[in-house]
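*Asks:* Build the full structure now, drawing on both the sequences and the hints.
FYI, in this note's numbering the residues of the sequence shown are 503 to 657.
Rather than coming from a laboratory, the hints here were simulated on the basis of the structure.
Be aware that one or more of the hints could be misleading.
[Unchecked claim] List of simulated lysine to any residue pairs, SDA-like, C-alpha gap at most 25 Å: (1) LYS530 with ARG542; (2) LYS530 with THR556; (3) LYS530 with LEU512; (4) LYS530 with ASP551; (5) LYS530 with VAL548; (6) LYS530 with ARG564; (7) LYS530 with THR545; (8) LYS530 with GLN557; (9) LYS530 with PHE504; (10) LYS530 with GLN568; (11) LYS530 with ASP544; (12) LYS530 with ALA509; (13) LYS530 with VAL614; (14) LYS530 with PHE520; (15) LYS530 with THR513; (16) LYS530 with VAL549; (17) LYS530 with ALA516; (18) LYS530 with GLN515; (19) LYS530 with LEU514; (20) LYS530 with ILE554; (21) LYS530 with ALA566; (22) LYS530 with ASP511.
[To be verified] What follows is a set of in silico ranges between Cβ atoms, one per label pair, in the way DEER data are often shown: (23) ASP544 with ARG565: 19 to 29 Å; (24) GLY552 with ALA608: 25 to 35 Å; (25) ALA581 with ASP618: 13 to 23 Å.
We put the CB at the ideal spot given by N, CA and C, even for glycine.
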Amino acid sequence: MFTALAATDLTLQAGDIFGLIGPSGAGKSTLLRLINLLERPDTGQVVVDGQILTQLSAPALRRARQNIGMISQQFNLLANRSVADNVAFPLEIAGWPAAERAARVAECLALVGLSDRASPIPPTAAAAAIGSAGHHAAAAVRAGGPVPRYRARWP
Numbered sequence: 503m504f505t506a507l508a509a510t511d512l513t514l515q516a517g518d519i520f521g522l523i524g525p526s527g528a529g530k531s532t533l534l535r536l537i538n539l540l541e542r543p544d545t546g547q548v549v550v551d552g553q554i555l556t557q558l559s560a561p562a563l564r565r566a567r568q569n570i571g572m573i574s575q576q577f578n579l580l581a582n583r584s585v586a587d588n589v590a591f592p593l594e595i596a597g598w599p600a601a602e603r604a605a606r607v608a609e610c611l612a613l614v615g616l617s618d619r620a621s622p623i624p625p626t627a628a629a630a631a632i633g634s635a636g637h638h639a640a641a642a643v644r645a646g647g648p649v650p651r652y653r654a655r656w657p
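*Replies:* Structure below.
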């Protein structure tokens with residue numbers, strides 16, 4: 503039997519931002535897919551914020567995932583939206599009022615140092631200068647809900 507990930511115990515505090523690094527095949531993606539239960543472990547359990555995710559119903563698991571943010575380097579911005587609009591997109595879908603959405607977008611852009619780059623449409627030369635930070639600001643909101651309590655990034 504192939505073991506994709508050996509027994510692992512990972513403890514994070516609410517609001518922690520962490521990254522996983524390692525060689526290809528080390529289990530980074532598998533670990534993160536297990537944390538948000540996109541993959542189920544063969545044995546053991548996944549506990550996040552005191553909830554045993556492996557025991558939750560589908561609706562309860564969807565709610566729990568809103569507190570777990572995942573950001574992949576392969577994340578893409580929507581080409582027809584500005585950087586700020588990309589960050590706002592999941593909040594629009596979630597039905598956030600415009601004023602709250604604008605405040606959260608500003609917070610995320612400030613987090614990655616892009617407050618002054620909110621307007622460019624991604625394919626433009628100006629937007630290209632933002633690099634992956636724009637992706638991560640948008641993904642910070644998209645990753646697991648509007649305000650995830652736990653955030654992770656993997657290559």
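*Asks:* Look at each hint and say if it fits the structure.
*Replies:* Right, here's what the structure says about each hint:
1. LYS530 with ARG542: holds, 15 Å
2. LYS530 with THR556: holds, 20 Å
3. LYS530 with LEU512: Within the cut-off at roughly 13 Å; holds.
4. LYS530 with ASP551: holds, 21 Å
5. LYS530 with VAL548: holds, 16 Å
6. LYS530 with ARG564: holds, 22 Å
7. LYS530 with THR545: The hint holds at about 18 Å.
8. LYS530 with GLN557: holds, 23 Å
9. LYS530 with PHE504: Holds, at roughly 16 Å.
10. LYS530 with GLN568: holds, 21 Å
11. LYS530 with ASP544: holds, 17 Å
12. LYS530 with ALA509: holds, 13 Å
13. LYS530 with VAL614: Holds - the C-alpha atoms of VAL614 and LYS530 are around 23 Å apart, at most 25 Å.
14. LYS530 with PHE520: holds, 12 Å
15. LYS530 with THR513: holds, 16 Å
16. LYS530 with VAL549: holds, 18 Å
17. LYS530 with ALA516: holds, 20 Å
18. LYS530 with GLN515: Roughly 19 Å separates the two Cα atoms, so the pair holds.
19. LYS530 with LEU514: holds, 16 Å
20. LYS530 with ILE554: Holds. LYS530 to ILE554 sits at ~21 Å (cutoff 25 Å).
21. LYS530 with ALA566: holds, 21 Å
22. LYS530 with ASP511: holds, 14 Å
23. ASP544 with ARG565: 19 to 29 Å: Since the Cβ atoms of ASP544 and ARG565 sit about 25 Å apart, the hinted range of 19 to 29 Å holds.
24. GLY552 with ALA608: 25 to 35 Å: Holds, at about 31 Å.
25. ALA581 with ASP618: 13 to 23 Å: holds, 21 Å
In this structure, none of the earlier numbered hints is contradicted; all agree with it.
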